[in-house]
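Trainee: Sequence:
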Amino acid sequence: MNIYVGNLSYDTTEEKIREIFEPFGQVESVSIITDRQTGRSRGFAFVIMPDDAEGQRAIDEANGKDLEGRALKVNQARKRTEGQGRGRRGGGGGGGGGGRRW
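Residue numbers (this note's numbering): 1 to 102.
Source of the hints: derived by calculation from the structure; they are not laboratory data.
Positions of the beta carbon are idealized from the N, C-alpha and C atoms, including for glycine.
Any given hint could be a false lead.
Pairs of lysine to any residue, SDA-like flavour, derived with a Cα cap of 25 Å [claimed, not checked]:
#1 LYS16 with THR81
#2 LYS16 with GLU54
#3 LYS73 with PRO23
#4 LYS79 with GLU22
#5 LYS65 with ALA53
#6 LYS73 with GLY39
#7 LYS73 with ASN2
Distance ranges between label pairs, derived from CB positions [to be verified]:
#8 ASP60 with GLY39: 29 to 39 Å
#9 ARG57 with GLN37: 16 to 26 Å
#10 TYR10 with ALA53: 31 to 41 Å
#11 GLU14 with ASP60: 13 to 23 Å
#12 ASP60 with THR38: 25 to 35 Å
I would like the entire structure built from these sequences, with the hints used as guidance.
Mentor: Right, dumping it as C-alpha coordinates:
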(Lines of atoms letter the chains of each structure in order from A and count residues from 1; the text may use other names and numbers.)
(Lines give C-alpha, C1' and ligand atoms only; values in the text may rest on other atoms or scores of the structure.)
Protein backbone atom coordinates (compact mmCIF):
# COMPACT_ATOMS: atom_id res chain seq x y z
CA MET A 1 0.00 0.00 0.00
CA ASN A 2 1.26 3.46 -0.90
CA ILE A 3 0.64 5.88 1.98
CA TYR A 4 0.74 9.68 1.82
CA VAL A 5 2.17 11.42 4.90
CA GLY A 6 1.65 15.18 4.96
CA ASN A 7 2.15 18.19 7.23
CA LEU A 8 5.76 17.23 7.91
CA SER A 9 8.33 19.57 9.37
CA TYR A 10 11.01 20.44 6.83
CA ASP A 11 13.53 18.88 9.25
CA THR A 12 11.80 15.48 9.46
CA THR A 13 13.98 12.58 8.36
CA GLU A 14 13.05 9.31 6.67
CA GLU A 15 14.23 7.50 9.81
CA LYS A 16 11.73 9.40 12.00
CA ILE A 17 8.89 8.55 9.63
CA ARG A 18 9.96 4.90 9.56
CA GLU A 19 9.83 4.85 13.39
CA ILE A 20 6.18 5.96 13.25
CA PHE A 21 5.15 3.22 10.78
CA GLU A 22 7.26 0.19 11.74
CA PRO A 23 5.17 -0.72 14.82
CA PHE A 24 2.28 -1.50 12.42
CA GLY A 25 4.21 -3.82 10.09
CA GLN A 26 6.87 -4.06 7.44
CA VAL A 27 7.92 -0.77 5.86
CA GLU A 28 9.31 -1.34 2.38
CA SER A 29 10.38 2.25 1.77
CA VAL A 30 10.06 5.86 2.92
CA SER A 31 10.53 8.72 0.46
CA ILE A 32 10.47 12.35 1.50
CA ILE A 33 9.60 14.48 -1.51
CA THR A 34 12.04 17.31 -2.11
CA ASP A 35 12.09 20.41 -4.27
CA ARG A 36 14.21 19.80 -7.38
CA GLN A 37 15.89 23.19 -7.30
CA THR A 38 16.59 23.59 -3.58
CA GLY A 39 16.69 19.99 -2.40
CA ARG A 40 14.57 21.05 0.57
CA SER A 41 11.68 18.91 1.79
CA ARG A 42 8.28 19.84 0.37
CA GLY A 43 6.61 18.78 3.64
CA PHE A 44 5.26 15.41 2.58
CA ALA A 45 6.41 11.85 2.02
CA PHE A 46 5.27 8.44 0.80
CA VAL A 47 5.55 5.22 2.76
CA ILE A 48 5.23 1.84 1.05
CA MET A 49 3.88 -1.02 3.17
CA PRO A 50 3.47 -4.32 1.26
CA ASP A 51 0.61 -5.62 3.44
CA ASP A 52 -2.63 -3.67 2.88
CA ALA A 53 -4.10 -4.58 6.28
CA GLU A 54 -0.96 -3.34 8.06
CA GLY A 55 -0.98 -0.22 5.90
CA GLN A 56 -4.60 0.56 6.75
CA ARG A 57 -3.92 0.07 10.45
CA ALA A 58 -0.93 2.43 10.16
CA ILE A 59 -3.12 5.04 8.45
CA ASP A 60 -5.79 4.76 11.14
CA GLU A 61 -3.28 5.02 13.99
CA ALA A 62 -0.80 7.56 12.58
CA ASN A 63 -3.29 10.09 11.18
CA GLY A 64 -3.26 13.08 13.53
CA LYS A 65 -0.25 11.78 15.49
CA ASP A 66 2.17 14.47 16.61
CA LEU A 67 5.62 14.44 15.01
CA GLU A 68 7.95 17.32 15.85
CA GLY A 69 5.06 19.52 16.94
CA ARG A 70 2.93 18.90 13.84
CA ALA A 71 -0.18 16.73 13.45
CA LEU A 72 0.46 14.26 10.63
CA LYS A 73 -2.02 13.96 7.80
CA VAL A 74 -1.96 10.32 6.74
CA ASN A 75 -4.07 8.59 4.09
CA GLN A 76 -3.84 6.17 1.22
CA ALA A 77 -2.01 7.84 -1.65
CA ARG A 78 -4.04 8.52 -4.77
CA LYS A 79 -2.69 7.35 -8.07
CA ARG A 80 -1.15 10.08 -10.20
CA THR A 81 -3.12 11.11 -13.22
CA GLU A 82 -1.38 11.84 -16.49
CA GLY A 83 0.37 15.20 -16.45
CA GLN A 84 0.18 15.57 -12.68
CA GLY A 85 3.32 16.68 -10.90
CA ARG A 86 5.48 17.23 -13.94
CA GLY A 87 5.98 20.96 -13.46
CA ARG A 88 4.78 21.83 -16.93
CA ARG A 89 2.06 24.17 -17.89
CA GLY A 90 -0.43 23.66 -20.64
CA GLY A 91 -0.46 25.56 -23.85
CA GLY A 92 2.31 25.55 -26.30
CA GLY A 93 1.72 24.47 -29.79
CA GLY A 94 2.68 27.06 -32.24
CA GLY A 95 3.07 26.62 -35.90
CA GLY A 96 0.69 29.17 -37.30
CA GLY A 97 3.22 30.67 -39.72
CA GLY A 98 2.53 34.29 -38.72
CA GLY A 99 -0.76 34.45 -40.60
CA ARG A 100 0.76 33.77 -44.01
CA ARG A 101 -0.87 31.47 -46.43
CA TRP A 102 1.21 29.58 -48.90
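Trainee: None of the hints should be skipped; say for each whether it holds.
Mentor: A quick look at each hint next to the structure:
Restraint check: the Cα-Cα separation between LYS16 and THR81 comes to about 29 Å, which exceeds 25 Å; the hinted pair is violated. For the hint pairing LYS16 with GLU54, the CA-to-CA distance comes to about 18 Å; that is within 25 Å, so the pair holds. Distance check on the hinted pair: LYS73 and PRO23 sit about 18 Å apart at the alpha-carbon level, within 25 Å; holds. Proximity of LYS79 to GLU22 is assessed by CA-CA distance (about 23 Å); at most 25 Å being required, the pair is judged to hold.
Our distance criterion of 25 Å between C-alpha atoms is met by LYS65 and ALA53, whose separation comes to about 19 Å. Of the pairs offered as hints, the one joining LYS73 and GLY39 holds, with about 22 Å between alpha carbons and a cut-off of 25 Å not exceeded. This hinted pair checks out: LYS73 and ASN2 have alpha carbons roughly 14 Å apart, not beyond 25 Å. For the hinted restraint 29 to 39 Å between ASP60 and GLY39, the CB-CB distance of approximately 33 Å keeps it satisfied.
Between ARG57 and GLN37 the beta carbons are some 37 Å apart, a value that contradicts the proposed interval 16 to 26 Å. Checked against the hint of 31 to 41 Å, the C-beta distance between TYR10 and ALA53 comes to roughly 32 Å, which is consistent with it. Against the hinted window of 13 to 23 Å, the Cβ-Cβ separation of GLU14 and ASP60 comes to about 22 Å, which satisfies the hint. Between ASP60 and THR38 the Cβ separation comes to about 34 Å, which falls inside the hinted range of 25 to 35 Å.
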